[in-house]
Amino acid sequence: MSGYAALLRGVNVSGHRKIAMADLRDLLTGLGFADVRTLLQSGNATFSADGTDAAALEGLLEATLLERLDLTTRVLVRTGDDLRSVMAAHPFAAKADNGSKMVALFLSANPAPEVAAEHDPRVLDPENIAVGDRVVYQWCPDGISNAPVLGPWLERRWKVAVTGRNWNTVGKLAALL
Numbered sequence: 001m002s003g004y005a006a007l008l009r010g011v012n013v014s015g016h017r018k019i020a021m022a023d024l025r026d027l028l029t030g031l032g033f034a035d036v037r038t039l040l041q042s043g044n045a046t047f048s049a050d051g052t053d054a055a056a057l058e059g060l061l062e063a064t065l066l067e068r069l070d071l072t073t074r075v076l077v078r079t080g081d082d083l084r085s086v087m088a089a090h091p092f093a094a095k096a097d098n099g100s101k102m103v104a105l106f107l108s109a110n111p112a113p114e115v116a117a118e119h120d121p122r123v124l125d126p127e128n129i130a131v132g133d134r135v136v137y138q139w140c141p142d143g144i145s146n147a148p149v150l151g152p153w154l155e156r157r158w159k160v161a162v163t164g165r166n167w168n169t170v171g172k173l174a175a176l177l
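For the sequence shown, position 110 (counting from the first letter as 1) is numbered 110 according to our numbering, and the numbering increases by one without interruption.
Simulated from the structure, these hints should not be mistaken for lab results. Remember, predicted model here, so these are calculated numbers, not experimental data. One should not assume that every hint holds.
What the hints assert, rightly or not - Label-pair ranges, simulated between beta-carbon atoms: (1) D125 to G10: 21 to 31 angstroms; (2) P141 to T29: 32 to 42 angstroms; (3) S2 to D125: 27 to 37 angstroms; (4) T29 to E127: 40 to 50 angstroms; (5) A22 to K159: 11 to 21 angstroms; (6) T79 to G10: 15 to 25 angstroms; (7) G30 to D125: 20 to 30 angstroms; (8) D125 to D97: 12 to 22 angstroms; (9) G99 to D35: 19 to 29 angstroms.
Claimed, not checked - Here are the simulated lysine-lysine pairs, BS3-like style, with alpha carbons at most 27 angstroms apart: (10) K18 to K159; (11) K172 to K95; (12) K172 to K18.
Just so it is clear, CB atoms sit at the ideal spot from N, CA and C, and this is done for glycine as well.
Working from the sequences, and respecting the hints, build out all of it.
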């Protein structure tokens, strides 16, 4: 059995795309997954499954959420190894003494190299933003609420789905796996 984290995009934000975490746990358990746990109210779940790849799980979860809960949202799935790699590659470890000032923006895919090379320095400030493997790291020295909102820009320019989690949440998800 492999451990996975499901990251639901944009749920329970400002009263939109509501889903109770108990319903999410029931849905995952009903699909036959084991060790199902949720974290916070923002669409984070961990579970174990046999021999399934992350891309297949994303499609299954998106379709099942729509069918059973009438919820349309993107789901990005990462393995425990994926999350540990994201944490190990942390480019701002020396700065990030406070995990609530660090964001990991998970991408559905790596952007095409020629698109990723078109950095807009006003948006992708190299002192506070770094691109990794299917992740963009954002250090927010003045707090997340005062930082540039990258997700929509990345989705428009890079043509990928994006969902962000603060660094504390990433660490907790990795620990659960």
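Evaluate the given range 12 to 22 angstroms for the C-beta pair formed by D125 and D97.
19 angstroms, holds
Is 40 to 50 angstroms a correct range for the gap between the Cβ atoms of T29 and E127?
About 44 angstroms separates the Cβ atoms of T29 and E127, which means 40 to 50 angstroms holds.
K172 and K95: Cα distance at most 27 angstroms?
Roughly 20 angstroms separates the two Cα atoms, so the pair holds.
Please test the hint of 11 to 21 angstroms on the beta carbon pair from A22 and K159.
35 angstroms, violated
CB-CB spacing for D35 and G99 relative to the 19 to 29 angstroms hint
Check passed, 24 angstroms falls within 19 to 29 angstroms.
Just to be sure I understand the hint, the distance between the Cβ atoms of P141 and T29 should be within 32 to 42 angstroms; is that true here?
41 angstroms, holds
20 to 30 angstroms was suggested as the range; check whether the CB atoms of G30 and D125 agree with it.
44 angstroms, violated
Keeping to a limit of 27 angstroms between CA atoms, is the pair of K172 and K18 held or broken?
This hinted pair holds, its Cα atoms lying about 22 angstroms apart.
With 15 to 25 angstroms as the target window, see if T79 and G10 comply at their CB atoms.
22 angstroms, holds
Taking the CB of D125 and the CB of G10, does the distance hold inside 21 to 31 angstroms?
24 angstroms, holds
Hint check: K18 vs K159, CA-CA at most 27 angstroms. Holds or violated?
25 angstroms, holds
Looking only at beta-carbon atoms, does the pair S2, D125 fall within the given range of 27 to 37 angstroms?
Check passed, 36 angstroms falls within 27 to 37 angstroms.
Checked against the numbered hints above, the structure breaks hints 5, 7 and satisfies the rest.
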